Amino acid sequence: MSKTIEQRIVEIAAERVEIDPSLIRPDATLDDLGAASLDQIEIYFAIEEAFDIDLPDRPEDPTLNGLTQLVARLVAQKSTDA
Amino acid sequence: MPRVLITGLGCVCALGEDADRTWEAMTRGVCGIGPLTLVSPEGLRHPIAGEARGYVPEACFDRHELSRLDRFAQFGVLAGREAVADAGLTFNGGLGLRSAIVLGSSIGGVQTLEDGYQRMYQRGGRHAPPLTVPRVMPNAAVSALSMELGIFGPGYAVSSACSSSNHAIAQAFFLVRSGQVDVAITGGSEAPLTYGHIRSWEALRVLAPDTCRPFCVERIGLVLAEGAGVLILESEDYARSRGAHVYAELAGAGMSSDASDLLLPDARGAERAMAAALADGGLNIDEIDYVNAHGTGTPANDVNETRAIRLIFGGHADRLAISSTKSMHGHALGASGGIEAIAAIRAIAESIVPPTVNYGSPDPQCDLDYVANEARQQLVRAALSNSFAFGGLNAVIAFRRFNG
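Just so you know, the protein sequences line up as chains A and B, in that order. Sequential numbering from 1 applies to the first sequence in the working numbering. Sequential numbering from 1 applies to the second sequence in the working numbering.
Be aware that one or more of the hints could be misleading.
Claimed, not checked - Just the calculated beta-carbon pair ranges, DEER-fashion:
1) B:45 <-> A:73: 50 to 56 Å
2) A:60 <-> B:40: 42 to 48 Å
3) A:76 <-> B:85: 54 to 60 Å
4) A:23 <-> B:53: 40 to 46 Å
5) A:41 <-> B:150: 23 to 29 Å
6) B:262 <-> A:79: 50 to 56 Å
7) B:125 <-> A:60: 23 to 29 Å
8) B:58 <-> A:23: 25 to 31 Å
9) B:125 <-> A:76: 18 to 24 Å
What the hints assert, rightly or not - Below, a sample of chain B positions facing chain A; criterion: calculated Cβ distance under 8 Å:
10) 67
11) 68
12) 126
13) 127
14) 129
15) 130
16) 131
No lab work stands behind these hints: they were computed from the structure. As the structure is a prediction and not an experimental result, all values here were calculated from the model. Note that the Cβ used here is the ideal one computed from N, Cα and C, for glycine as well.
The whole structure should be built from the sequences, with the hints applied where relevant.
This is how it looks when you write it as structure tokens:
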């Protein structure tokens, strides 16, 4: 896997809200990016599919940084379980 | 009671992507039924359908809209947009508060449901696609139109299998006639051509293997189809105040339940619905010149409907022009009544009766004038449009020529 988790999450979000990924700051939340509620649901789904994980309904830290850490934890957990 | 007028039409079906093209194809007796292309025919016994072949989703909706709308809702929105534009309406300045949307669908977003479940059950997907619930809901097209157009009045979907559109039109008619709203958008939409849904219909053993031939002795069954038919209903006062073009008057609506068999129709139930529509519209039997029949092309329906027409019309039955436009656009289930309303309305407006195509030899049990194979030029003072559903639910709409 060449891209980092953060890069992939930023790409997923950027694709959905149609802005240039380079403009997205890691401390932004999906709200900050102007993602409507339906867009946010779809972004969570795309992240779940991309990493084959289950995200909680409402992540505690909704920034992209927070999501990156959460996803990294869930991915690590998965490989331990397996 | 105040009159309710029809001032706009919108349609997408196997005959065309708008009401004008659909009507023009009907007057030429075009059959839009053909090989199924939306679904792989592998494993299907009857791989034919009335597909909206000319419909290109990406030409009508952006990526976000497409992610939110199942195909059935796309059809509803598309026909709704067309009908509103045809009527020349905008919903600002308070009209949005005085307008309603009531659309029919028998099964809502079945394609979304089937794709989502297949992904989970078969392909090992872990997650249901996130917009499954709002895409599947049968009111999806109503909601999308209300948001797009700014309509703040009553909005809901009506479901009664193959009568869904006619029941919806009846509801919208009552809303306008009672004065609760000035304008109503109504009709129905359906996109039932999925592998699982077609297989389910095959199991009922009512599908034709090649084409739909209503009322003739060679008929074998119905042909599934998709699309939408949408009308704009307007109070006479409002239509006059803005100088709207009027296609026809929606004169009355009649509904009944067979309360007998789940699948077999009952002529008495159909008769009662037609009688109720005539009474509601204050129409005499001999004012009706045309009946757009339910005419599915199944052995059971067409005999039953013929009997019902004889029961209610008596001797006048032999003077009626009767046709099943399903022979051309197929059976679009909950959208059928909307598409067929357009046929009846344009027949009145243009004095042309659309035909029953694919008609072969007469069936002694179906002994009326079915306008076989070719459209006919004739005055249509008033018309009925019949829908009879599985489950024994009947709805009939009566239209009358508008003379200003």
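Do the hints match the structure? See the list:
no.: 1; hint: B:45 <-> A:73: 50 to 56 Å; result: 52 Å, holds
no.: 2; hint: A:60 <-> B:40: 42 to 48 Å; result: 45 Å, holds
no.: 3; hint: A:76 <-> B:85: 54 to 60 Å; result: 55 Å, holds
no.: 4; hint: A:23 <-> B:53: 40 to 46 Å; result: 42 Å, holds
no.: 5; hint: A:41 <-> B:150: 23 to 29 Å; result: 24 Å, holds
no.: 6; hint: B:262 <-> A:79: 50 to 56 Å; result: 54 Å, holds
no.: 7; hint: B:125 <-> A:60: 23 to 29 Å; result: 27 Å, holds
no.: 8; hint: B:58 <-> A:23: 25 to 31 Å; result: 27 Å, holds
no.: 9; hint: B:125 <-> A:76: 18 to 24 Å; result: 23 Å, holds
no.: 10; hint: 67; result: 7 Å, holds
no.: 11; hint: 68; result: 7 Å, holds
no.: 12; hint: 126; result: 7 Å, holds
no.: 13; hint: 127; result: 5 Å, holds
no.: 14; hint: 129; result: 7 Å, holds
no.: 15; hint: 130; result: 4 Å, holds
no.: 16; hint: 131; result: 7 Å, holds
Of the numbered hints given earlier, the model fails none.
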